[in-house]
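Visitor: Using the hints, position chain W against chain H.
Chains H and W, in that order, are what the protein sequence lines are.
Residue 201, in our numbering, is where the first sequence stops; the numbers in between run on with no holes.
Residue 137, in our numbering, is where the second sequence stops; the numbers in between run on with no holes.
There's no promise every hint is true.
[As the list claims (entries may be wrong)] Listed below are the simulated DSS-like cross-link pairs for lysine-lysine, each with C-alpha atoms no more than 25 Å apart in a straight line: (1) H:Lys107 with W:Lys56; (2) W:Lys98 with W:Lys56; (3) W:Lys98 with H:Lys163; (4) H:Lys59 with H:Lys174; (5) W:Lys98 with W:Lys82; (6) H:Lys59 with W:Lys37; (7) H:Lys197 with H:Lys163; (8) H:Lys43 with W:Lys82; (9) H:Lys107 with W:Lys98.
[What the hints assert, rightly or not] What follows is a set of in silico ranges between Cβ atoms, one per label pair, in the way DEER data are often shown: (10) W:Asp85 with H:Met128: 38 to 48 Å; (11) W:Ala51 with H:Val148: 38 to 48 Å; (12) W:Asn62 with H:Arg196: 18 to 28 Å.
[As the list claims (entries may be wrong)] Computed list of chain H residues with no C-beta within reach of chain W, every gap over 10 Å: (13) Leu31; (14) Gly33; (15) Asn35; (16) Thr49; (17) Thr55; (18) Ser82; (19) Asn86; (20) Thr98; (21) Gln125; (22) Leu127; (23) Gln132; (24) Met147; (25) Lys174; (26) Ile180; (27) Gly185; (28) Ala188.
What the hints contain is simulated information worked out from the structure, not anything from laboratory work.
Bear in mind that the values here come from a model prediction, so they are computed numbers and not experimental data.
Beta carbons: idealized from backbone N, C-alpha and C, even for Gly.
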Amino acid sequence: MTRIVSLSRVAAPALVLALLAGCTSTNSPLIGGNNVSYGDSKGVELVTNEFGSTDLQKLAESMARSLTQVPSIRGKRMTLSEVQNKTSEYIDTAEITKSIRVQLMKSGSVRFVADVSGMNTQTQELMRQNQSGMYDKSKTKKIGKMVGADYRLEGSISSIVKKSSSLKDVYYKLSLELIDIETGEIAWADEQEIRKTSRR
Amino acid sequence: MIFRSLGRAALIAALSFGASAVAQADGLESKIEQLGQLDNIKVEAIRVVKRNDFLNIQAELSNGSSSNQTLFYRFKWLDGSGFQTGGEEGWKTLVIYGKQRSTIQTVAPTMQAVDFRIELQSPNNTVNPFK
Chain H
2 MTRIVSLSRV AAPALVLALL AGCTSTNSPL IGGNNVSYGD SKGVELVTNE
52 FGSTDLQKLA ESMARSLTQV PSIRGKRMTL SEVQNKTSEY IDTAEITKSI
102 RVQLMKSGSV RFVADVSGMN TQTQELMRQN QSGMYDKSKT KKIGKMVGAD
152 YRLEGSISSI VKKSSSLKDV YYKLSLELID IETGEIAWAD EQEIRKTSRR
Chain W
7 MIFRSLGRAA LIAALSFGAS AVAQADGLES KIEQLGQLDN IKVEAIRVVK
57 RNDFLNIQAE LSNGSSSNQT LFYRFKWLDG SGFQTGGEEG WKTLVIYGKQ
107 RSTIQTVAPT MQAVDFRIEL QSPNNTVNPF K
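So here's chain H without its partners, still in its complex pose (with noise of 0.2 Å):
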């Protein structure tokens, strides 16, 4: 009975108000949400010290622009190799190297070959189309007609953590190497750095 009172006789001026504004809201197309929102994407995201979105993506950005101002590997063919997670915490690489990969493809600067994760379902695709025998032979894609890459993108991740009574202190390192696959030599190297600092 007390909630109904109190809940009334808030209701009641906002229910004067919005007829005095002559103006009402709309319902939004929403189910739920009352803790639940979405954030932007793209914010610096600050939680915790731990490697984050924000890291993801600014070092995937940086190692890429820095990637298209190489001339020689304009529309040359990139493969993704190994980036080894040396820090002490779980890091999935493989997304920074994805990530890098993407920005690249949308440079249009460079072509991207099948790594060795995408190699498994390369091959069996090609051997379903042509060894299943379900398939017109006129219409499948051939064997051996696959390109090798000229360049491999390699790397790792390191990071430094220092902690005191006060403060935790953390170093990360992004080093990747683009390696010519026919002779060897480094093509370009490039290393980012990200500091992190928090309050204990």
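Guide: Relative to the frame of chain H, chain W by itself:
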């Protein structure tokens, strides 16, 4: 006579310098999108050059205050038709120490980008609600 011609040359030089400075300032304003008014950080100059078909940008910023300032920034890239190209960039942070001049360097994500805007936000931005 020599002095007069020298003076005239100096005046012409000063006028031409003034004109170019104004033009540069106009160009600067049109490239910056501030989320509010930056109280302590000032964009001093923006240099643009095309290298290897990609737009290269260098922005020079200065912190007028004696305390450290945090700046949030990102670039928007526009193609020849004024459409945003290369996807949405993530926000980045930069700490500028008291009285420091700092530079931001970046490269366009695609060769189609011919123009850009810099979005700037600082925790010390102020907004005039009556404006």
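Visitor: Against each hint, give a clear statement of whether it holds in the structure.
Guide: Checked hints:
no. : hint                              : in the structure
1   : H:Lys107 with W:Lys56             : holds, 18 Å
2   : W:Lys98 with W:Lys56              : holds, 23 Å
3   : W:Lys98 with H:Lys163             : holds, 24 Å
4   : H:Lys59 with H:Lys174             : holds, 12 Å
5   : W:Lys98 with W:Lys82              : holds, 13 Å
6   : H:Lys59 with W:Lys37              : holds, 22 Å
7   : H:Lys197 with H:Lys163            : holds, 11 Å
8   : H:Lys43 with W:Lys82              : holds, 13 Å
9   : H:Lys107 with W:Lys98             : holds, 21 Å
10  : W:Asp85 with H:Met128: 38 to 48 Å : holds, 42 Å
11  : W:Ala51 with H:Val148: 38 to 48 Å : holds, 46 Å
12  : W:Asn62 with H:Arg196: 18 to 28 Å : holds, 25 Å
13  : Leu31                             : holds, 24 Å
14  : Gly33                             : holds, 27 Å
15  : Asn35                             : holds, 27 Å
16  : Thr49                             : holds, 16 Å
17  : Thr55                             : violated, 6 Å
18  : Ser82                             : holds, 23 Å
19  : Asn86                             : holds, 21 Å
20  : Thr98                             : holds, 17 Å
21  : Gln125                            : holds, 32 Å
22  : Leu127                            : holds, 32 Å
23  : Gln132                            : holds, 40 Å
24  : Met147                            : holds, 28 Å
25  : Lys174                            : holds, 17 Å
26  : Ile180                            : holds, 21 Å
27  : Gly185                            : holds, 25 Å
28  : Ala188                            : holds, 15 Å
Hint 17 from the list above is the single one not met by this structure.
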